[in-house]
Amino acid sequence: MAEQRDAGPAIRVTGLRKAFGRQVVLDGVDLEVERGQTLTVLGRSGGGKSVLLKLLVGLQKADAGSIRIGGRDLGELPLDALTEVRRKLGFLFQHAALYDSLTVGENVAFPLRRHTDLPDDERQRRVRELLSQVGMEDALEKLPGQISGGMKKRVGLARALALDPEIMLLDEPTAGLDPITAAEMIGLIQDSRRSREMSAVVVTHDLRSVEALADRVVLLEEGKIKVEGTFDEVKRQDDPFVTAFVRPTFGKPHE
Amino acid sequence: MAVRGTLSILEWFGDLGIFCARLAGALVRPPYELRELVRQMDEVGTKSLPLVLLAGAATGVVLSLETRDTLVLFGAASQLPSLIILSVLRETGPIITALVVCGRVGAGIGAELGAMKVTEQIDAIEASAVSPYKLLVATRVAACMLMLPLLTIVADFSAIMTGWLANRLAEPMSLSYYITHGFLWVRFRDFLPTTGKTIVFGLLIGLIGCFQGMRTGGGTEGVGRSATTAVVIASLFVILADVLLVRLIMVLFG
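Chains as they are written, first to last, in my numbering: chain S, 199 to 453; chain L, 4 to 257.
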């Protein structure tokens, strides 16, 4: 079982379909993320990118198709096994989704408290270490309501990294941040990937994060994968939608 | 229009059924979230105390003032203590407590879980492999069920005491006379089953509050809507359940 899990890609998605009512958001998506690789998913707003990430952690159920994380099919897993898979995933939400009633430190401690037997002082040390990695150790005692959006995302990143995940899922890590903060965020993600063997799926429409982070890129259009390849390969495509996306010109809406 | 309305009501009950099944699973299966349970018992119980004391006190005064004249009219003023005490223990105490807690706690839970839902905090809990049903729902529902009978006893006590005080303004009566005469006719069925039924009220308040909170959609506006809907539906259910429970207690305890 262990060997079976260690072989093959970190994530394999085949024929994934998801619709809300009559609106089809994902229509037969096939994806593969190799171990240690970062895949970036590009697409227009409301194009099903966030839904894709939520399907990958089992927060929503697919209408059709299969998702295999480390060789295990999410759709067939009982709840206990799903819990085990989720522990290996780190999820950074678009607006960080920090727990309002807990301090920054308690937010980062939450997964540790739940899934490890670390003694209190050891856990505290780990929390400080994680927060200092994202440059937020001073905010330990603050409540999420007292820090800015960019800071929340850093804390969210620290929380997602707490259990040393094998796979990171990042939902628009730079959206809503000013260019300097966004660049810092990208740097932090690069650092955390360098210090551990980690695969990642990054959903974004920020081309700078794509350039900095992506080993491979897929571009979603109307629920289907339009192009796939390295960023350079994608940029060279002649398709008008792709061009409009990677080299946007103002004032000419894409048809 | 009518068809669509009926359908959406049926859908609501269907969703509630699924929700109850998940809640039941979360309530019985370990691990239990004891820390969070204690926190919620404080939130539901301790923090409702002033409100419940005040509501009970007002009820006692009103009961005394309103019934006194009527009883005097029929020459039955001596029955005042037992009328106040029986009325408080059997019905007024439990229902006033339930409705007051419904407003405070039902709205609080609906808004809190609603806000957590729209800011993806509930997704975040689930994504970090913790069941939100265990951590958030089961603890709140259990806290409501445990605290409501206790709060009812507090309201009963408060109402009985102010009933005496209000009566004293009209005629001199010692506390010991009031209590002895008032409790003369009180039987087991006047107190225990009627206080026990508030466990059901607690269940309804916690359940509806959590249910509306967890199905919140549509951003900040949705949070307000969830809080309002939770209070409206929970109070309605509490009153309906009361009708059934009063009848049930009559049948069971004579």
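Treat the hints as calculated values from the structure; they're not laboratory data.
Computed from a predicted structure; not experimentally measured.
All C-beta atoms, glycine included, are put in the ideal place defined by N, C-alpha and C.
Hints should not be assumed to be uniformly reliable.
[As the list claims (entries may be wrong)] Residues from chain L shown here face chain S by an in silico Cβ test under 7 Å; the list is partial:
| id | residue |
| --- | --- |
| 1 | Glu-39 |
| 2 | Ala-127 |
| 3 | Ser-131 |
The hints, checked one at a time:
Because the smallest distance between the Cβ of Glu-39 of chain L and any Cβ of chain S comes to about 10 Å, over 7 Å, the interface hint for this residue is violated. Among the interface hints, the one on Ala-127 of chain L holds; its C-beta lies about 4 Å from the nearest C-beta in chain S, closer than the 7 Å criterion. The restraint placing Ser-131 of chain L at the interface with chain S holds, with a minimum CB-CB distance near 5 Å, inside the 7 Å limit.
When each numbered hint is compared with the structure, a violation occurs for hint 1 only.
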